[in-house]
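Asks: Residues per chain are reported as follows:
2 protein chains.
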Amino acid sequence: MVQDDNTEVDSGARARRGGGRAGQRRRGGGGGLRQLDWTIPHLTDAPVEPLSAEGVAAVDNAAMRILEEIGIDFLHPEARQHLKRAGAEVTEGSERVRMGRDMVRELVAKAPSRFTITPRNPERRIEIGGRSQVFVNVSSPPNCSDLDRGRRAGNTEDFHNLIRLSQHFNCIHMLGGYPVEPVDIHPAVRHLDCIRDKLVLGDKVVHAYSLGTERVEDAMEMIRIAGGLSHEEFEASPRMYTNINSTSPLKHDWPMLDGAMRLAARNQPVFVTPFTLAGAMAPVTLAGAIAQQTAEALAAIVLLQHIRPGCPVVMGSFTSNVDMRSGAPAFGTPEYMRATQMSGQMARFYNLPMRASNACAANCPDAQAAWESAFSLWACVTGHANVVYHAAGWLEGGLCASFEKFVMDCETLQQVIAYNTPIGVTEEDLAVDAIRAVDAMPPSQRHFFGAEHTQSRYETAFYAPFLSDWRNFETWEESGSVQTPERANRMWKQILAEFEPPAMDPAIREELDAFVDRRKAEGGAPTDF
Amino acid sequence: MVQDDNTEVDSGARARRGGGRAGQRRRGGGGGLRQLDWTIPHLTDAPVEPLSAEGVAAVDNAAMRILEEIGIDFLHPEARQHLKRAGAEVTEGSERVRMGRDMVRELVAKAPSRFTITPRNPERRIEIGGRSQVFVNVSSPPNCSDLDRGRRAGNTEDFHNLIRLSQHFNCIHMLGGYPVEPVDIHPAVRHLDCIRDKLVLGDKVVHAYSLGTERVEDAMEMIRIAGGLSHEEFEASPRMYTNINSTSPLKHDWPMLDGAMRLAARNQPVFVTPFTLAGAMAPVTLAGAIAQQTAEALAAIVLLQHIRPGCPVVMGSFTSNVDMRSGAPAFGTPEYMRATQMSGQMARFYNLPMRASNACAANCPDAQAAWESAFSLWACVTGHANVVYHAAGWLEGGLCASFEKFVMDCETLQQVIAYNTPIGVTEEDLAVDAIRAVDAMPPSQRHFFGAEHTQSRYETAFYAPFLSDWRNFETWEESGSVQTPERANRMWKQILAEFEPPAMDPAIREELDAFVDRRKAEGGAPTDF
Numbered sequence: 001m002v003q004d005d006n007t008e009v010d011s012g013a014r015a016r017r018g019g020g021r022a023g024q025r026r027r028g029g030g031g032g033l034r035q036l037d038w039t040i041p042h043l044t045d046a047p048v049e050p051l052s053a054e055g056v057a058a059v060d061n062a063a064m065r066i067l068e069e070i071g072i073d074f075l076h077p078e079a080r081q082h083l084k085r086a087g088a089e090v091t092e093g094s095e096r097v098r099m100g101r102d103m104v105r106e107l108v109a110k111a112p113s114r115f116t117i118t119p120r121n122p123e124r125r126i127e128i129g130g131r132s133q134v135f136v137n138v139s140s141p142p143n144c145s146d147l148d149r150g151r152r153a154g155n156t157e158d159f160h161n162l163i164r165l166s167q168h169f170n171c172i173h174m175l176g177g178y179p180v181e182p183v184d185i186h187p188a189v190r191h192l193d194c195i196r197d198k199l200v201l202g203d204k205v206v207h208a209y210s211l212g213t214e215r216v217e218d219a220m221e222m223i224r225i226a227g228g229l230s231h232e233e234f235e236a237s238p239r240m241y242t243n244i245n246s247t248s249p250l251k252h253d254w255p256m257l258d259g260a261m262r263l264a265a266r267n268q269p270v271f272v273t274p275f276t277l278a279g280a281m282a283p284v285t286l287a288g289a290i291a292q293q294t295a296e297a298l299a300a301i302v303l304l305q306h307i308r309p310g311c312p313v314v315m316g317s318f319t320s321n322v323d324m325r326s327g328a329p330a331f332g333t334p335e336y337m338r339a340t341q342m343s344g345q346m347a348r349f350y351n352l353p354m355r356a357s358n359a360c361a362a363n364c365p366d367a368q369a370a371w372e373s374a375f376s377l378w379a380c381v382t383g384h385a386n387v388v389y390h391a392a393g394w395l396e397g398g399l400c401a402s403f404e405k406f407v408m409d410c411e412t413l414q415q416v417i418a419y420n421t422p423i424g425v426t427e428e429d430l431a432v433d434a435i436r437a438v439d440a441m442p443p444s445q446r447h448f449f450g451a452e453h454t455q456s457r458y459e460t461a462f463y464a465p466f467l468s469d470w471r472n473f474e475t476w477e478e479s480g481s482v483q484t485p486e487r488a489n490r491m492w493k494q495i496l497a498e499f500e501p502p503a504m505d506p507a508i509r510e511e512l513d514a515f516v517d518r519r520k521a522e523g524g525a526p527t528d529f
Numbered sequence: 001m002v003q004d005d006n007t008e009v010d011s012g013a014r015a016r017r018g019g020g021r022a023g024q025r026r027r028g029g030g031g032g033l034r035q036l037d038w039t040i041p042h043l044t045d046a047p048v049e050p051l052s053a054e055g056v057a058a059v060d061n062a063a064m065r066i067l068e069e070i071g072i073d074f075l076h077p078e079a080r081q082h083l084k085r086a087g088a089e090v091t092e093g094s095e096r097v098r099m100g101r102d103m104v105r106e107l108v109a110k111a112p113s114r115f116t117i118t119p120r121n122p123e124r125r126i127e128i129g130g131r132s133q134v135f136v137n138v139s140s141p142p143n144c145s146d147l148d149r150g151r152r153a154g155n156t157e158d159f160h161n162l163i164r165l166s167q168h169f170n171c172i173h174m175l176g177g178y179p180v181e182p183v184d185i186h187p188a189v190r191h192l193d194c195i196r197d198k199l200v201l202g203d204k205v206v207h208a209y210s211l212g213t214e215r216v217e218d219a220m221e222m223i224r225i226a227g228g229l230s231h232e233e234f235e236a237s238p239r240m241y242t243n244i245n246s247t248s249p250l251k252h253d254w255p256m257l258d259g260a261m262r263l264a265a266r267n268q269p270v271f272v273t274p275f276t277l278a279g280a281m282a283p284v285t286l287a288g289a290i291a292q293q294t295a296e297a298l299a300a301i302v303l304l305q306h307i308r309p310g311c312p313v314v315m316g317s318f319t320s321n322v323d324m325r326s327g328a329p330a331f332g333t334p335e336y337m338r339a340t341q342m343s344g345q346m347a348r349f350y351n352l353p354m355r356a357s358n359a360c361a362a363n364c365p366d367a368q369a370a371w372e373s374a375f376s377l378w379a380c381v382t383g384h385a386n387v388v389y390h391a392a393g394w395l396e397g398g399l400c401a402s403f404e405k406f407v408m409d410c411e412t413l414q415q416v417i418a419y420n421t422p423i424g425v426t427e428e429d430l431a432v433d434a435i436r437a438v439d440a441m442p443p444s445q446r447h448f449f450g451a452e453h454t455q456s457r458y459e460t461a462f463y464a465p466f467l468s469d470w471r472n473f474e475t476w477e478e479s480g481s482v483q484t485p486e487r488a489n490r491m492w493k494q495i496l497a498e499f500e501p502p503a504m505d506p507a508i509r510e511e512l513d514a515f516v517d518r519r520k521a522e523g524g525a526p527t528d529f
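Going line by line, the protein sequences match chains W and S.
Under full-length UniProt numbering, think of the first position of the first sequence as 1, with each following residue one higher.
Under full-length UniProt numbering, think of the first position of the second sequence as 1, with each following residue one higher.
For the record, the hints were derived by calculation from the structure and aren't laboratory data.
Each hint should be verified, as a subset may be incorrect.
[Stated by the list, open to error] The following label-pair restraints were derived from C-beta to C-beta distances:
hint: 1; chain 1: W; residue 1: His186; chain 2: S; residue 2: Ser479; range: 33 to 39 Å
hint: 2; chain 1: S; residue 1: Pro77; chain 2: W; residue 2: Thr475; range: 40 to 46 Å
hint: 3; chain 1: S; residue 1: Glu477; chain 2: W; residue 2: Thr475; range: 47 to 53 Å
Values in this document were obtained by computation on a predicted structure and should not be read as measured data.
Ideal Cβ placement from N, Cα and C applies to all residues, glycine included.
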């Protein structure tokens, strides 16, 4: 059972949703705070491409040489057997797998360039690939923080509250990895509680960690139950996803491979995200780091496409640089931006969707956090990341989920969505007649505030932020000089106070709880790897 | 005389400068703080273009219709006479001027697409246009603030200190408008003190306000003296610049026109920046606001090209939206970004350099200030702004110069410079051999920290920020949880404490002081307009 208050979903009214067109404003939804309607953002600009076509070909060639000449360790016997059958060179008694570029290209070409994922509420279906860009909450930090209680280890209550924020904001499209790790739940059963609670508190696409056999099988079953689906319906199209990381350099470990293979076999999407920090787990040069990232990602994609040709996959990018003085990872840097854009080029070269992150290294939600996140976010926009992981709430290079940062990030995510509204150039948009009309007024009235052209458009002409304070200094000072994190603090409290979970059929809820109870009674999943 | 301490330039050592290539790191210079070498940043990416070619043509056509059908008020009789001679329709007794598109296109085409400006130190020469992007300090706020003393009206000491910061940071390329208005100096002589002090405390390109005849003539003479130039040498190439704003909608006022005409006549650059806030002084639609901005800018450029064909001009963009609830200008918004990018498209259509701004609406140097400025800055990068005004120090929609924000902005400006470093894709960059070498190590040593490929590059591989705190949370907390503005506060104090002005020939200094003393004795400039 969900353990804290305010989650009795049977009594929960379905969140009101606006009429629909992208960029439209609304009030309502939990919190009484204005937010944009649910929409799948569409990238309207051409991507920024730091590599020339020759540069892309050079990185591709380097990735292929890594796969052919050096190879990748697959720490999973079945994975190696699959790859051997697919034509790879696998030495008996070794984990190393080498694969020729013809085989790689043939199998990678089977992956779809775009696909949908449909959660238990079909209105929350998302598109991955093409010009779509979807945002995922911060995932997997061990700690969380807010201005009132400071920093603390992850726990169930905070996990629930961050899921509520993720569900509340329409600019968050998927409930990704745990927004904070609830370490007060035993690892053997944590996945059961967490995935059930994500399914109950939210109705968006849900992620499952690939941490071995049982967790992934449990997750697929719970998501199937929550969707009211038969096994055949579940497998007919994507309903969830997982994300796996390579253990760079050049290694895919057993638990993630096992989970990924199980999802792929059932046609569920796998994001493959190498952990190629330049200068640490990958070459210090960006071209080298991206070549290695590409090789590690393609190696797993080849495996999955052999297991189930055409299964949905995403090429993930997490390449950034490290602080060469300390070895600590840095994010939102110029190098992170370029690596993200280069990753986008490589993903498009292979006709694959791409994932990146809205990351920062800052320790508190101050100006550094904001500029690092803004740099990361614009890298995701200009690099055409189809999925932006850690889009809201991330601090400390991923070691902490901040409640205030979550709200701040949602403000900038909404601005990115508004930015992608196409520019109108009709006669009415060009407004020569409006300019003529204002010019015809007496000099003291020659402004556009009162013009009919303005009055008929002002409510929707501009994006209206919910968090920015645009009052003048004197008014702002008189009202207490409240800075951004304090404003965000008030907002998440209001959102949580007013949160109502989406409706769920009582019979489905019962079946879900029964499954969780049974699996807990069976001991959950092993914790010995 | 400069009135406060630390400005005895005769004793000042010329700031040390590093060897040179863009992106190289250095220590030294005032403050002992690491900063990038002086370099003229080069935009390496293709611009982002929200308008299609048809959209650009539609905005051009609307601008031409405004100039032809509606016209622009020129509140300067000589300007109207010039335009009449150039072929414009000028009604006797009216300030309104209408001009046909053939005349506009012919005269605008005479303007150079790029030019240089050479200050008293020729090593600080800058390029305007093409793929160059230069940064200018915050200009013209009436107030300034810092964490110690709070917000206050501008004064001479703060003016000097902000000029020192502008001179210190290599990422600031021009000493633009007053970084704060020193209201303790009488307006009749303020320009004499301020420009002299800018010339003494700095050696970068200097701006002069176009506030009527005397100020502009005085400024040109002082800059000529400081450069040790004959009148002919001064006029032979750009040595300074001014920026003029239209009084939108559709008006150019006398003081600015008079100054601009005098600079153009002597071949000195004029930036023409309409004040077209969408929904207030311009249409609420972005296409309409940019059409009006284009018309107002071209009208002045036509005038200047008739006065001196080929004189250097810049098309300025200041189009943003207003808060439709209060009418207050907003900056760093999605609309600001798009307007800036559209302005870049229009400037390139006319083959003119473009100016935009690193602006924000926030009241303190917090996260909102950082994300609004980051959004503005990336608009300048993606829109190919050749000149980024207000690049460091701006707060409150331009009503306040913040010492801490100045330092914070210089951090992000440096990151933009580093971002524009081209990506290498040589065999060495692709690093397949380095990956092979690391792979050949025992498993526990399979990381790149110790690899030769890393060791030979780590000092210059990544941009190293001077302001970001990348330490882990525990270390950051133990050392006092210092947030970004507090770190910036320490830095500007250190920079000012260690500042040494650039050398100036004592004879030139004497001539400059004598000029200022004489003009003060004559009463300075009129203040009755």
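Asks: A separate judgement is required for each hint: does it hold in the structure or not?
Replies: Do the hints match the structure? See the list:
1. Our hint of 33 to 39 Å for His186 (chain W) and Ser479 (chain S) holds, since their Cβ atoms are close to 36 Å apart.
2. Checked against the hint of 40 to 46 Å, the C-beta distance between Pro77 (chain S) and Thr475 (chain W) comes to roughly 43 Å, which is consistent with it.
3. For the pair Glu477 (chain S) and Thr475 (chain W), the supplied restraint of 47 to 53 Å is violated, since their beta-carbon distance comes to about 34 Å.
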